[in-house]
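Colleague: Chains as they are written, first to last, in the UniProt record's numbering: chain A, 1 to 253; chain B, 1 to 314; chain C, 1 to 291.
Derived from the structure by calculation, the hints contain no laboratory data.
Warning: the hint list may mix true and false statements.
To be verified - Computed cross-link-like contacts, SDA-like style, restricted to lysine to any residue with a CA-CA straight-line distance of at most 20 Å:
#, chain 1, residue 1, chain 2, residue 2
1, C, K263, B, D279
2, A, K230, A, F25
3, C, K263, B, G134
4, C, K81, B, I295
5, A, K75, B, T195
6, C, K116, B, I295
7, A, K75, B, E132
8, A, K213, A, G202
9, C, K116, B, G134
10, A, K75, A, N93
11, C, K81, C, I92
12, A, K75, B, V209
13, A, K75, A, L106
14, C, K116, B, D279
15, A, K213, A, H189
All figures in this text were calculated on a predicted structure; none of them were measured in a lab.
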Amino acid sequence: MSAILECRELTKSFGGVDAVADLSFTVARGNIHSIIGPNGAGKTTLINLLTGIYTPTAGSILLSDHDTRGLAPYKLAQRGLGRTFQNLQICMNMSAVENVMVGLHLRLNRGFLAALLRLKSVRAGDRDCRARAIELMRFTGLENQIDQHPSEMSYGALKRLEIARALAAEPELLFLDEPAAGLNANETHAIGALIREVAASGVTVVLVEHDMKLVMDVSDDVLVLNYGRKLAQGTPHAIQNDPEVISAYLGGA
Amino acid sequence: MGWLKRIPRPGLIVLALALASAPLIFSNPYQYDVAIHVLTNAMVAVGLNLLMGYAGQISLGHAGFFGLGAYVTAVLSANYGWPVYLSMPAALVVVAVLAFVIARPILRLSGHYLAMATLGLGILISIVLRTEAGITGGPDGMMVPPISIGGTDIYDERYWYALIAILLVATVWLALNLIDSPVGRALRAVHGSETAAEVVGVHTLGYKVLIFVVSAVLAALAGVLTAHYSGFVTPGLANFIYSIEFVTMVVLGGMASTYGALVGAVILTLLPQFLTGVDDLEMMILGAILMVVVIFMPTGLVPTLARLVPGGRR
Amino acid sequence: MFAEFLQYLFSGLTAGSTYALVALGFTIIYNASHIINFAQGEFLMIGGLGSVMLMQYGLPMPLAIVAAIVLAVLAGILIEKLAIERAATNDIVPLIIITIGASLFLRGGAQFFWGKSIHALPAFTGNTPINIAGATILPQSLWVLGIGAVVVCLLAWFFTRTLTGKAMLAVSHNPNAARLVGINPRFILMLSFALAGALGAVAGAVAAPITLTVYDVGVMLGLKGFVAAVLGGLGSPLGAVAGGLLLGIMEAFTAGYISSEYKDAVPFVIVLLVLFFMPSGLFGSRATERV
Chain A
1 MSAILECREL TKSFGGVDAV ADLSFTVARG NIHSIIGPNG AGKTTLINLL TGIYTPTAGS
61 ILLSDHDTRG LAPYKLAQRG LGRTFQNLQI CMNMSAVENV MVGLHLRLNR GFLAALLRLK
121 SVRAGDRDCR ARAIELMRFT GLENQIDQHP SEMSYGALKR LEIARALAAE PELLFLDEPA
181 AGLNANETHA IGALIREVAA SGVTVVLVEH DMKLVMDVSD DVLVLNYGRK LAQGTPHAIQ
241 NDPEVISAYL GGA
Chain B
1 MGWLKRIPRP GLIVLALALA SAPLIFSNPY QYDVAIHVLT NAMVAVGLNL LMGYAGQISL
61 GHAGFFGLGA YVTAVLSANY GWPVYLSMPA ALVVVAVLAF VIARPILRLS GHYLAMATLG
121 LGILISIVLR TEAGITGGPD GMMVPPISIG GTDIYDERYW YALIAILLVA TVWLALNLID
181 SPVGRALRAV HGSETAAEVV GVHTLGYKVL IFVVSAVLAA LAGVLTAHYS GFVTPGLANF
241 IYSIEFVTMV VLGGMASTYG ALVGAVILTL LPQFLTGVDD LEMMILGAIL MVVVIFMPTG
301 LVPTLARLVP GGRR
Chain C
1 MFAEFLQYLF SGLTAGSTYA LVALGFTIIY NASHIINFAQ GEFLMIGGLG SVMLMQYGLP
61 MPLAIVAAIV LAVLAGILIE KLAIERAATN DIVPLIIITI GASLFLRGGA QFFWGKSIHA
121 LPAFTGNTPI NIAGATILPQ SLWVLGIGAV VVCLLAWFFT RTLTGKAMLA VSHNPNAARL
181 VGINPRFILM LSFALAGALG AVAGAVAAPI TLTVYDVGVM LGLKGFVAAV LGGLGSPLGA
241 VAGGLLLGIM EAFTAGYISS EYKDAVPFVI VLLVLFFMPS GLFGSRATER V
């Protein structure tokens, strides 16, 4: 089976500094993959490159063997890419369930005239859309906060809301940018369980995370970055015993 | 009260009834004239609210579209002898095309830069209208032929009131529908977080362009109607100060509230009526209203009041 | 030919220095708060029209100008204290609207108390044109250029040599860090409005003998100053000065060589082109959103 994602000699520079340099790796379909590395290793830059927020300075990104060069984030979403954000991107002008409903955008009748005239198909689509959004909120453990305003929800709940919204778009490949950051041990454990459930439903998950316990618990495959370059890639067990990784984390860097 | 929920749009019915019964208290043409101004301003405000209130994109140039719409139909019908039923839609098409062409580069901008660009566009339109005297009559303006039905010219304010009231109700109905749809949700998501909307597949620039064009066309429609109703246009119609007044209507009534935009238009259009005798105070009062509303009622009148009524939302 | 060119250059530089001062006012407030103060043009009006009115009340011109500048500083402080500080928001749209409200309020006030007629402030040192290489320049233009240069030098000194000036720069770079080292951002914000008021009023007073002055003179001058600030890349003081001069010169050459009727359109055409093709101005650096 071919890789769902492949990077070839990917480079991104900001004013002469390479945040990501000459990076090549593949992500196999299925399972949970993690990208780790010390602060400033280029993880967030990488995720922004992969999801089309940044354009690479050099190199290429292949999504199921198709080059994604020049594709805007919304086009990548149409090709089955989803993500959540380290700095939450919740629409504070909409209720919780409406945020998830936005995720279903691509599944709905988006015709302008149909919307203006509020055709039957639009009304029916919206009813189903809300039902599906509620289902996803239940799946992510938010069943008690359906019509709440995001400003009344806890930080952990908003992180889950982002996951629900991303899942609503039915991605094949889902990037989670530090889903456990700012969560306590119990919440982190629960997020780990949720990530496993998401992967079990057939979504390939790429996790960018600082919490090593979570990473080692849930990942099938770990990619380690340092100074924007690939330091190592392998199973959690192999990574934990890799001397280079250990020295990068323990102050060699 | 349960039966109220069965009616699809209670607010719309209230609006239609109010507009239909308002003439009962009108006793002279002047009152109709004021009412017509309220309605055309409301039309602009409802459109601008779609852009500003829902999609979160500021425009300080909508009077430009209003004035341009008025002038295109004026020039085509007066100078080129086009029948009004052709010149009016032609004006809407011209404004739609201009708005569409300009929207892409303009809406890549945000915040102050967007404010500056829309402001510049509006002012450019008004400068062109004032300067191209050969076509537009220059600063003095030009006469516009009336609408005629079956060979009879329509001058009676009552007919105009009825026509514009019907168009406004239709506009409000369409605007409410639009907001209550996947398109409307996408627009609100653009306001909430453009990045978030984009990564779930919302073509954010496309939606911004769409709603910019829609709001420009609504402003143009109000301008077109004003031109033929009043029989006269001047470049003053496109004045920067009117762009600010339209924004004030939206902010005063309440951003992201269609009925708020209506309320804002009513208050701001009627304000000068209550200031007769102290006309010179109008600008000061307008400025004070803007500041006080944004500081003390940042969500605007209607949403602020709606929050006081349990269960009230839009 | 050359005399003509020189003539346009002189008038362009004169107008440009006024725009530069207005643009500096925008820049100072923008740096302290990321607010665009749409009432900046009204400070100009207070400087010019205020001086004329105070002279009518019997003050000698220098005193009238100083008093008008004080008036503009007060207006700036009041806008900041009564409106900006009370609006608990960082959202750009409401802040734009508040300052637009303030500008309408000041303009309306001027109209109400000082009337709608156009006034000229007497030239500082007579009206005998000076001949330079076939072109003429009014003594007042030299005043505008000279005072513009002095003000720019004073500002440069203020921002690089005084503690308060450095504190203002610190706030513009990183408000939180500035707060940690004991700088009061509210005070800086108030100071920026006071300074912008003074700058605007100085520009308004020295330009008033040339541009004439009226209650709504600030609308166009304010917008052009804003254009100059955007041209220079919002937030860059040097950019603001360059943007102002460039704008004045291009306007004068358009009026001279192309069409005087479209002179007022020049700034807006330029700013649209710049925004479309160089969205962060001629001298600005691009900021990227962090997600």
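Colleague: Among all the numbered hints in the text so far, which are the ones the structure does not match?
Modeller: Hint check: 1, 6, 7, 8, 9, 10 fail, others pass.
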